[in-house]
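Protein chains in written order, with the numbering used here: chain A, 1 to 398; chain B, 1 to 398; chain C, 1 to 398; chain D, 1 to 398.
None of these hints come from the bench; they were simulated from the model.
Given the structure is predicted, the values throughout are model-derived calculations rather than measurements.
No residue lacks a Cβ here, since even glycine has one placed at the ideal position from N, Cα and C.
Hints should not be assumed to be uniformly reliable.
Only part of the chain A face toward chain C is listed, based on derived beta-carbon distances under 8 Å [said to hold, decoys possible]:
#1 Leu43
#2 Ser290
#3 Ala295
Protein chains: 4
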Amino acid sequence: MDFQPSARILDLCGRIREILDRDVLPLEPDFLTKGFDAVKAPLDVVRGKVKAAGLWAPNHPVEYGGMGLDLVDHGLVSEVLGRCPLGHYAFGCQAPDAGNIEMLHLYGTPEQKAEWMPRMVGGERSCFVMTERDNSGANPIFLKTTARREGDEWVLNGNKWFITSAPGCVVAFVMAATDPSAGPHARQSVIIVPGGTPGFIVERNTPVMGHANTDLFAHCEVRFDNCRVPYSNLLGREGQAFHMAQARLGPGRIHHCMRWLGICARSLELMCQHASSRVIGEPDRRMAESDIIRAWIAEAAAGITAARLITLYTAWRIEKVGAKEARNDISMIKYHCAEVLQKTVDRALQVHGSLGMTDYTVLAYFYREERASRIYDGPDEVHKLAVAKRVLSQGGKL
Amino acid sequence: MDFQPSARILDLCGRIREILDRDVLPLEPDFLTKGFDAVKAPLDVVRGKVKAAGLWAPNHPVEYGGMGLDLVDHGLVSEVLGRCPLGHYAFGCQAPDAGNIEMLHLYGTPEQKAEWMPRMVGGERSCFVMTERDNSGANPIFLKTTARREGDEWVLNGNKWFITSAPGCVVAFVMAATDPSAGPHARQSVIIVPGGTPGFIVERNTPVMGHANTDLFAHCEVRFDNCRVPYSNLLGREGQAFHMAQARLGPGRIHHCMRWLGICARSLELMCQHASSRVIGEPDRRMAESDIIRAWIAEAAAGITAARLITLYTAWRIEKVGAKEARNDISMIKYHCAEVLQKTVDRALQVHGSLGMTDYTVLAYFYREERASRIYDGPDEVHKLAVAKRVLSQGGKL
Amino acid sequence: MDFQPSARILDLCGRIREILDRDVLPLEPDFLTKGFDAVKAPLDVVRGKVKAAGLWAPNHPVEYGGMGLDLVDHGLVSEVLGRCPLGHYAFGCQAPDAGNIEMLHLYGTPEQKAEWMPRMVGGERSCFVMTERDNSGANPIFLKTTARREGDEWVLNGNKWFITSAPGCVVAFVMAATDPSAGPHARQSVIIVPGGTPGFIVERNTPVMGHANTDLFAHCEVRFDNCRVPYSNLLGREGQAFHMAQARLGPGRIHHCMRWLGICARSLELMCQHASSRVIGEPDRRMAESDIIRAWIAEAAAGITAARLITLYTAWRIEKVGAKEARNDISMIKYHCAEVLQKTVDRALQVHGSLGMTDYTVLAYFYREERASRIYDGPDEVHKLAVAKRVLSQGGKL
Amino acid sequence: MDFQPSARILDLCGRIREILDRDVLPLEPDFLTKGFDAVKAPLDVVRGKVKAAGLWAPNHPVEYGGMGLDLVDHGLVSEVLGRCPLGHYAFGCQAPDAGNIEMLHLYGTPEQKAEWMPRMVGGERSCFVMTERDNSGANPIFLKTTARREGDEWVLNGNKWFITSAPGCVVAFVMAATDPSAGPHARQSVIIVPGGTPGFIVERNTPVMGHANTDLFAHCEVRFDNCRVPYSNLLGREGQAFHMAQARLGPGRIHHCMRWLGICARSLELMCQHASSRVIGEPDRRMAESDIIRAWIAEAAAGITAARLITLYTAWRIEKVGAKEARNDISMIKYHCAEVLQKTVDRALQVHGSLGMTDYTVLAYFYREERASRIYDGPDEVHKLAVAKRVLSQGGKL
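For reference, chain A alone in the conformation it holds in the complex (with noise of 0.2 Å):
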C-alpha cells in the first residue's frame, strides 16, 4: 500500500491553490453578500487566467481542452477547489456540466460531440434535467415526463423541478418516458435539447434557503409543453437514460466528496483562526483555550482525515475496478462524508457566534447550501438502505 500522491499532482494542486487563493477568494465576499451576478464578470477573467495556466477542466478529456486527470488526481483538485464556492467554477469543472460532460463523452455519437463537447468543456453551462417534484429522481421509475416520437422528432412534454443550471443554459440534456410500457429501467430515455428550443420553459427560479438565485447557482422549475427535437438528438439508446445517471454518480460522488472535504479544511482553518483570535476572558483568556473547542478541532481532524482516505480509496477503486463494481464504496462515501461535512460546518460556525450567522464568513453560507448534500444524488437513506443490502447479502463481511 502507498498513500503517497504523484508529484505531479502535488504540484499541479499547489498551482491550482495559487490562484485560487490570490484570484478567486477576493470575490467570494461580494458573492455571499451580493450574488453570483455581482461577480461573474471578474471570475470570467480568472477563467482565462486558468486556461493561460493550462489548468483548465482538469477532469476533462485533453482532446477537448481538458487535463485529463485521473478520479485519484481530480479528486485532489476538487478538494482544493471546494474551499471557494466559486472554485470549480472558476476551473471549469462545476457540477453539472462535469458529468453532462463524461455523460456525453461515453455515450454521445460523433455529431453530438462535436457539436457540443468543445462549447461545454470550454465553459459554456449546461443543465441535466431529471428530477420531478412529486417524483424524486432517487427513483426513475416515478417519473412522468414523457418524450412520444412523432416522425422523426421527439415531442417532449411533462414539468421537472431542481434544475440546476437551467437559465441561459446552452443544452439541456432531459431523461423522458419514451416507452412507459416497459420495465421500470427501461422506460426512460436521455434527450439533448438546445437551450431556447420552443417549448422549452424555465418558468422560475425556485427560491431556495432563503434566495431565488441565478445562473449556475439557480435550481429551476422547468416545463416542456410540446417541444420539438430531431430524433437524432437521442442520447445512447432509447431506454438507456437509468443506466447512464447511474454512470454520472460514481465520478460525480468523487467530485462532491472531495469538495465537501475541501469545505471542511476551510472551515476548521476558520474555526481555528477565529478561536484563537477571539478573547472571551481577561486577562487575554482565548476561545481556542477552551477543552470543547479544542475537543470539536481534534475530533474534525480525524473526522476530515478518515473520509479523505474512504473517499481517495473509492477513486481508486472506481478506477481499477469500475464503478459497478464499487458500488458499495460509492454509496458508503455519500452518507459518510456528508455527515462530517455538516458536523464541520456547524461546529466552526458555532465558534464563529453571531458572525457565523452573518454572510461576513462563508460558513452561513456552506451551513444553508451544502445541506443539500445529505439529499441530492439519492438521501443518505437510500444510500444507506443499499450498503445494508449488500452486506446483508455478505454474511456481514466488508
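Fit chains B, C and D to the known structure of chain A by using the hints.
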C-alpha cells in the same frame, strides 16, 4: 404534583391557535418568498383582530393593555405562536420588545413608563442595543461603547451590531459604559434613546444567512456618534445594566424555549404529513413506512415532550422562587431545548428531500434562521459551563 | 400546573435515603466483588430495620403490609433506591416481584391472594416466566411453551430463558399457550406454579456479562417437563396473559425509569467527586477544570432533569387516565430514559479512567448490567415503532 | 496512491484466518464462560501448530523467531487476530508482551537481549509496570514508585496497579523514579525485574467488570517492597523511561486499532447473521428487514472502512517518517477507532437482544472489556487535546 394546565389557559390557547391558523399562517408563504415587507400590511389587520378578540400582548401588564399571564401560561401561548415565524408579532409579544417592556416595567420611572409603555405594549417597535462585534454580550465587561455625562446630558459614542429590529424603532435601550473604571459588572448602564435622535445611526442591516432582512427581522450595525439624550433617560441606576440584562433573560428564556418547541411541533407535523403522503416505492409504499423515519418521529416525540416539561417546570420555578434561584434551570433549558430544536428541524427537512431545501415549506426558514438559537443570549457552551460550575460546587447533586 | 411533590413524600424519601446511605451502601463493595450471596445475610438484617421503620414495600397494598404509595410517589422512592443495586431489595419492592404482586393483586382469586400475597409482599421471591430463547417476549404470539389441560390439572411443557430470580423462588407466574389455535393475543394464559413443583426445572443460571449470578440476580434457563399444577392455578381468565403482561408494564416502567434516574444521579455525583479530586496537571490542576468534563456534567444535569419530569408526568398520567390511555408516554420514557442512563453512566466511567473499569466503584456494574435497560420489556426500537405509529395516525400531533 | 496490500500479506492473512477459525474460535465459548484457565492447555497446542506453520510472532524480529512484518502488514494480521479475544495470544503477538519486546529490542544491551528475547518472543509472559492508582500513566511526572541506587543494585519501593499479565510473568519492565528531582520527563527509568524476585509482590488481581481475571488477562495491584535487582538491569539510560514509553505507543497503537477493527468486523458479521435469522413478525419477517437495523449496518460498514484506512495510513506514515513525525495520526486513530468500536459493538449487542447480554456470544465480552479502549494508553480526551494543540498551532491546516 399536578401536570394539568388550567382550563382558562387551555381555552385561551385554543382561541389563539384558531386565529393563528386562520389569519396568520396564510401569510407565511409570502413572508418566506418575499420577505416581511410583503406581509406587514395584512399582518397589521390581523393585529387589529387580535386586539378586538382580547388576546393582545398575553405576557404584558393588564394596566397597559396586555393580558398579564404568568410565565407558565405565557409559555403555553408562546408554544402555540411559535408554530409560525409571524405568530408572536401578530399577537404583540415578539422579541426584543417583550424583554424591553419587562425591563422598562421593572426599572422605569413613572415618567419613562408613561412615555413608552403604552406605545410599546401597543405594538410599536423597540430595540435592545448591547452586543458589539468584537465584544459579545456574553461577557459585557468587554463592551466598549460609552455614555459620558456632560451636564444634564448623556453623550453616546461607539459601535454596536446584531441589533435586532433597529430600523424604524421608536425607542432603543442602549447598554453603554458610564464608568469604565468601575468593577466589571458595574461599568455599564442602560440609556433610553428615542428613535431618530441625531447621532443614533443605523448603518446597515447585516446580511444573515443570505439576507439583509428588514424591520423586526433586521439585525443591524448601529453607530453612536456624539448622540445626546437627557440625563433623565437613564433607566434604573447607573452601573445597573448588567443586572438588568440578566433579569431580562429568565422570562425571555421561557418565551424562546416554548417558541422553539412550537417550531418543533410544527416540524414534526410537517414531517409526519409529508412522510405519509410521499410515495417511495411500488405499490404505493409511503416514506412513513420506513422504520428509519419512524425512529426519527418517535425520538422527536419523546424529546419534545421532555423538553416541554423541563421548560414549563423552569417557568414554574421562576414564578415560585425567582429567576436568580432558578438560574441553573434557566441555563439548562437553553442548551437542552436548542438541541431538540436543531435535531427535529433537521430531520423534518431531510424527510422533505429537495422540497425541504426550498422556501415552499417553512422548514428551510427554521433550519437556517433558528440556527441562532444555539448562539444568542449566550452560546450553549457558556451556559453549560455555568451549569457545571454550580453542579460541581454541589458535589454533583441536582 | 404544580411541580411540587407533597411534603409527605419528601419526608419519606428523606428517611429512606438515610437508611440506604447508612445501612445498604456499606454492603455494596462486597456485593460488587463477591456477589449477592456475600451480602444476603446482612441485607436481611436491613430488611428487618426497614420493616420496623414502617418503610417496607412502599408500592404495595397497605392491607398486605405495604405503604400503598401512588405511582408518582413510588417513582420518587424508586429514584432514591436506584442509587444502589441493592436498594429495591432492601425495601421490598424489587423486580420482578413488584410486577408479580401487582398482577396477582389485580387478577388473583381471593384464595390465590390469600396464599401468596402475604408471602410475596413479605419479601419472599417469585419469578415471571415468559421469554423464550428463540421467541422473545416482545411478541408473545411466537411463544411455544404449552399448558395443556388434563382433567383438573394443567400440564406444562417447554423451555424458557432469562427468567430472573428463578432459583429458590417460592412461586412462578408462567406464561404458556393454553390455546395455540386462538388469535395471536388470546393464545397465552398465566399459570401459577409453586417453587419446587416436580417438572419445574431450573436448568442453569445463564452467564450474563461474564457471570452466572445467583438468587434475585440470576437469569435462568428453565424447563417444564410435564409439570402438573391444579387447574385452579390459572391466574385471571384463559387467554388473558397478553393483556396481563401489558398491564404489568405501565407501573413497572415508572419503577424502572425512576430507578435508572437514581443510577444517573449517583453516577453524576461520582463523576463530579472524582473529577474534583483527581489531579491531572501541575500545579494541582483538577480534572474538573476541563471544559470537556464540564460539558458532560451540564449535559447530564439537563438530560436527567428532563427525563425525570417526563417520567413523573407519565406516572401522573397513568394515575389519571390509566395505563392504556398513557401507553404512548409509557413507551416514550423507555427509550428516552434508557439513552440518558447509558450516556451518563458511560461518561461517569470515562471520568474515572481505569478505576472506572474496576469493581472498586459501582460504575462498572451499572455500565454492564444496566445495558439491559435498552433490551428488557421490549427493545427500544420496538417502542419507537409503536410510538411512531400512533404519532403518524394523529398526523404528527403530540 | 495505491491501496492494494501485497499478495504476500493477503496470503499470510488467509492462512492465519484459517487457523484462527479452525483451532482458536472453538475455544472461545469455554473462555467466555469458564475463563482463560479453561483454555490455556488447548491454546498451547494451537501455539505449537502456529509455530509449525511458520506464522508465529508476525511482528517480531526474524532473528528471534518472528516473521518481521512491517507495521502495515502486521496491522492487517492484527485485524484478523482481533476477531477472537484469544487470537493474538495464539499467534504470539499479544499485548503487553509485544510492546515489551519492541522496547527491549530497541533499548536493551546485548546481554539483556540474549537473556530475555528468546524467551519472550518464544511465548513466555512479561508485564509493563507503569500505572499507579493515584497517578495515571497518562502523565508520568506524577508517578511515585522509586528505584534508589545502592551500590551496584537498584532498590525498588512503591505501589502500582492495572499491571496486565503480572501473575506468573517471567520478567517485568518497571517504570520507577530514579531521580525525582530531575525535570518532569527525566525522572523515570525502566528497570528489568525478573518474575519471582523477592520484594516484587503481586498483591491481587483487580476485579474488572465483575471479574478478577487470571494470567494474561489479569490486571494486578503490585507492590515493590525493597525489591533489589542488579544495577545492570537498567534498560537504556537513566531518565529515559518517558521516551521509551512513548516509543512503545506508536506501533502499539496500530496493533490495538487494527485489533479493534477485527472486533468490529466480527461484530458486524454477528449482527448481520442474527438479524437475518431472527423472526420478529409473521409471516416470517426477519429483523434484517427493518430499516433501523439496516441503517446501523450501513453506518458500521462505512465507519469501519474509513477507520481501517486511517489506521493503515498511520502505519504507513510511521514506517515512512517515524512515530515522532506521525504522532498526530497516532493520536487521532486512538479516539477515532475507539468510537467506531464502541458504537459497532453496542449496536451488534442490541440486535442480539437478551442473547447479546449473555456469554453465549462474544459480544458481551467485547462490550464490557473493550470499554477500556477509550481509557488505556491515555484517555481519548487527552489525545484530542494533544491533536487540537498541534492543529491550532498550524492555523487549522491538517
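Exercise. Does the CB of Ala295 (chain A) sit less than 8 Å away from some CB of chain C?
Worked result: Because about 5 Å separates Ala295 (chain A) from the closest Cβ in chain C, which is inside the 8 Å limit, the hint holds.
Exercise. Once the shortest beta carbon distance from Leu43 (chain A) to chain C is found, is it less than 8 Å?
Worked result: 43 Å, violated
Problem set entry | Ser290 (chain A) as chain C interface residue, shortest Cβ-Cβ below 8 Å | Cβ of Ser290 (chain A) sits 5 Å from chain C, so the hint holds.
Comparing the model with each earlier hint shows a violation of hint 1 alone; every other hint is respected.
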